[in-house]
Amino acid sequence: MKSGSHLFKQRLSVINLGTSTFAEDLQRQGVTTTQVDWQPPAGGDLVLMEALDNVMNEERVRQANEKALEVILAANPVLIDMDLAKNVIPGMTPQTILHSGPPLQWTDMCGPMKGAVIGALMFEGMATDADEAKELAASGKIRFSPCHNHGAVGPMAGVISASMPVSVVENRGFGNRSFCTVNEGLGKVLRFGSYDREVIDRLKWIAEELFPAMRAILTLSGGIDLKNIIAQALHMGDECHNRNKAGTSLFVRAVAPYLLQSDVPRQVAARVLEFIRDNDHYFLNLSMPACKASLDAANGIPFSSIVTAMARNGVEFGIRISGASENQWFTGPAQMLEGLLFPGFQDANANPDLGDSAITETMGLGGFAMAGSPAIVQFVGGSIDDAVAYTTKMYDVTWKEHPGFSIPTLNFRGNPVGIDVCKVVQTGELPIINSGIAHKEAGIGQIGAGLVHPPMTCFNQALTYLAEQVTKAERGAVLE
Amino acid sequence: METKVLIKKNSYKDSVTLMALSRRMKAMPGVSEAVVSMATAMNKELLEHVGMTSPEVTEAGANDLMIAVQADGSEACTAAIQFAEDMLSHDNKAAGHNRSTVGPKSLSAAMARASDANIAVISVPGVYAAREARAALKGGLNVLMFSDNVSLQDELNLKELAHQSKLFMMGPDCGTAIINNVGLCFANSVRQGNIGVIGASGTGIQEVTVLIDRFGGGISQAIGTGGRDLSETIGGITMFDALDALNEDESTEVIVLVSKPPARSVVDKIIHFVCEMSKPVVVSFVGSRPSEMAVPGLHVAETLEDAARKAVQLTGKAVASVQRDDAQLAEVVNSVRNKLSPKQRYVRGLYCGGTLCHESINIVQAHLGAVYSNISKQPEYRLANPQLSKEHTFIDLGDDAFTVGHPHPMIEPSLRIPRLLQEAADPEVAVILLDVVLGYGANDNPAGILAPAVAEAKRLAASGGRYLHVIGYVCGTDKDKQNKAEQMKKLADVGVWLANSNAEAAMFAAATLAQKENLYEIGQSSL
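Top to bottom, those sequences are chains P and Z.
Residues in the first sequence are numbered from 1 upward in steps of one, following the working numbering.
Residues in the second sequence are numbered from 1 upward in steps of one, following the working numbering.
Because the hints were derived from the structure by calculation, they are not lab data.
Just so you know, these numbers come straight off a predicted model, no measurement behind them.
Every residue gets a Cβ at the ideal spot worked out from N, C-alpha and C, and that includes glycine.
Possibly wrong hints are sitting among the right ones.
Sample of chain P residues facing chain Z (criterion: CB under 8 Å; computed from the structure) [as the list claims (entries may be wrong)]: (1) 12; (2) 13; (3) 44; (4) 150; (5) 393.
Go ahead and model the full structure; you've got the sequences and the hints to work with.
Take a look at the structure:
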């Protein structure tokens with residue numbers, strides 16, 4: 001057949017971009033019509049649109065993204081050990097303090113992060129009180145660096161110092177590792193910037209009792225499969241970011257026998273189990289490094305437009321992409337969350353978006369998995385239909401559906417995974433993140449929860465970078 | 001006078017929705033100006049021209065929605081803005097109510113969801129349209145592009161890509177197609193049959209398909225090419241692809257080509273191509289003389305009606321037609337002439353359909369001489385100011401000069417009303433010609449909107465001691481959602497004289513004002 005006449009033998013199925021009256025009149029004729037909720041791509045910016053065309057139509061980019069997703073989906077994160085940060089985190093020194101989000105210096109830090117730094121310096125014994133700690137932090141002797149640049153992640157302030165015990169997650173089959181501290185629970189906790197005696201004491205107890213007990217468990221168990229727990233928790237109403245009840249319970253079930261088999265004293269074992277039982281968010285600090293290990297393996301694939309991290313430091317939001325150079329961030333201002341505040345707090349009390357926990361969304365969990373987590377919907381303010389809509393939209397900006405993680409309420413459709421910078425810029429649809437709201441003053445803690453997006457500029461910058469890479473490569477090819 | 005401007009961030013809506021909303025707001029009590037539009041550079045400039053800009057407006061981007069109102073008092077302003085917000089949020093709720101109706105945000109997302117999709121209908125603003133069309137073609141979709149303001153180079157690239165991919169690239173600026181008995185954009189509900197239509201003109205295709213239906217024939221496929229397809233640069237890529245496709249299509253036995261006069265080089269190519277084809281082809285190049293194209297084997301039609309009749313005849317069917325009673329016609333024309341004053345010498349045509357307007361100009365010009373128009377091909381007859389008529393004048397109200405910032409008159413028939421009243425007040429006007437185009441895409445009740453205005457126009461003339469003759473033509477079928485019979489009745493009830501085709505309407509107008517006594521002669525030479 002030399003012409004387009006094959007169309008005459010097909011049943012029409014129309015995609016309508018633009019005036020919806022055309023779609024209505026097609027539906028009136030009983031024709032399958034898909035109306036695109038269209039808006040000008042790249043915010044109508046013609047320069048970005050050109051970059052978008054160059055990158056999206058580039059075969060190298062498509063292949064790189066396929067490869068990145070292959071790696072991400074094959075990841076096998078296993079909790080293998082706990083150890084002190086200085087023993088396992090690459091680049092960790094006694095003078096190093098790691099923090100959440102993209103890089104920033106002491107003077108620029110938000111209240112909760114400053115408080116957490118003070119607490120960490122006191123925990124390390126480098127300062128006896130807050131004033132001394134502040135002076136030291138400002139002295140230039142302390143080196144601040146993002147967790148993400150060291151294979152680590154931390155919720156909220158995300159502060160990690162040298163003597164803190166961290167979970168070690170290994171991506172089996174790939175060999176890369178990730179690290180995260182132990183979740184301290186709610187209320188007065190270091191990650192919200194509290195540095196009270198009670199906070200420091202709890203950190204010490206974690207180091208002295210929980211760490212050795214957990215180490216004994218992990219040695220006996222040979223490692224706890226975190227991917228497996230996440231997959232199950234997703235079917236039990238968790239989205240593994242703001243709701244971790246099921247994950248925490250499954251974790252207890254996995255570790256309890258080994259704890260009893262170990263030579264950890266009964267009283268200590270009881271306190272450890274009690275601590276985990278009382279903290280619904282215990283598993284957050286395991287789902288986060290599980291996601292981190294899975295996504296880190298996909299870093300460094302040239303031309304890939306897949307996002308490998310989204311993280312906030314309370315001032316800036318940063319993303320990292322597979323195709324960028326090591327530790328390269330694309331940043332923009334951190335946004336305010338929209339959601340519900342606990343009684344007694346106002347919008348003016350809220351800190352902008354904070355923490356590395358958006359690594360879960362990067363892996364298709366959290367806000368991306370809201371449809372399967374009805375219990376979290378009310379917490380962040382919204383209806384079940386909203387949650388289904390949030391998840392559904394994320395399929396439009398991601399590359400694949402996860403074969404191992406699925407959403408029961410969407411007929412077990414795989415979680416949307418592999419955020420593509422191009423698709424975000426093209427559709428204007430930003431990743432959805434559900435998160436806790438921190439008080440902007442140090443030490444007050446969580447004051448609510450809600451939903452937030454990254455700023456579009458992160459994606460625009462990443463796209464522009466990729467377009468430059470593609471152009472360079474083409475020029476190189478021409479020269480050859 | 002109070003001005004209020006509200007910016008809604010990241011709230012893109014298509015311009016048809018917004019223009020309709022602006023009009024409804026403007027009709028609210030106390031409101032003197034209302035603009036709801038996306039904050040593109042052009043729209044921001046328009047807003048500045050009406051003195052409603054603000055620092056927020058300057059800051060806003062192409063995905064931000066602007067609601068601007070000027071009214072006598074802040075209450076009227078607030079009410080209008082509230083109304084706009086209600087209408088827009090209602091739209092959102094309607095779209096987002098059901099869980100499954102979260103629309104895809106991009107073409108690629110839509111393609112992922114509708115894996116059986118085979119055609120994309122694109123009506124997004126011109127600067128973005130080519131990009132979407134390219135993606136659609138690359139994804140294996142046929143394209144019907146209603147958008148205009150696409151560069152000729154983009155059109156050429158898209159059509160070449162479509163040709164290589166064996167896909168149809170209909171448009172840019174293509175408003176009509178009927179594929180597999182489905183009307184796309186502006187199309188009529190017509191009988192399915194064995195006549196294939198290819199047209200570089202939307203209302204041209206509508207008129208031909210409607211008349212084929214009335215003459216007892218049916219349509220296999222109707223393919224729009226967009227108005228520039230037969231230009232020198234494009235060289236008729238879509239038309240030749242469509243000819244190939246219809247030649248291969250087993251359901252098509254006769255083919256009709258409709259266009260405004262194409263570039264000479266393209267005409268020769270078409271004639272050559274068509275003469276090689278096994279299926280008979282009827283050609284109607286509105287505005288060209290049939291004698292110029294007299295080639296053995298080519299069926300050249302004088303009018304769109306003639307094209308439809310010839311096509312039905314070629315299928316071997318007897319043409320079902322309302323017999324024109326010339327004696328009765330003469331009687332009507334004579335009685336109208338008797339009612340006109342000597343000063344009433346001119347005809348004014350107010351058209352929605354560009355090709356219908358062209359066809360009427362040609363017919364009237366042949367009998368009455370000079371016809372002025374905003375779309376005249378002859379520079380000496382092109383109106384300097386399209387808002388003011390001169391002698392015999394025919395206006396295409398769908399032309400850009402009238403549609404910037406407004407919906408097309410086929411969607412918004414009320415746009416024609418002020419002009420209708422303006423013509424009625426002119427003591428030199430004897431006859432007003434109106435077309436009413438029905439079908440998918442068009443307003444649900446155009447005659448209902450026009451009829452009271454016609455009554456008003458006739459009253460206006462009567463108050464000046466004149467009789468105003470209004471001739472109308474309804475392009476449509478009884479199967480159209482508006483129902484042709486009902487629409488005709490609404491016009492007949494207010495004294496509109498209704499013709500059976502666009503050409504016939506023009507011929508009636510010419511006959512009424514011609515010097516010739518022998519009306520039959522006019523009828524013969526025109527139809």
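The hints, checked one at a time:
1. For residue 12 of chain P, the interface hint holds, since its Cβ comes within 8 Å of a Cβ in chain Z; the closest pair sits about 5 Å apart.
2. The interface hint given for residue 13 of chain P is met, as the beta carbon of that residue sits about 5 Å from the closest beta carbon of chain Z, less than 8 Å.
3. Look at residue 44 of chain P: its Cβ gets to within about 3 Å of chain Z, closer than 8 Å, so that hint holds up.
4. For residue 150 of chain P, the interface hint is violated, the least distance from its beta-carbon to any beta-carbon of chain Z being 36 Å, above 8 Å.
5. The restraint placing residue 393 of chain P at the interface with chain Z holds, with a minimum CB-CB distance near 6 Å, inside the 8 Å limit.
Hint check: a violation occurs at hint 4 only; the rest are consistent with the structure.
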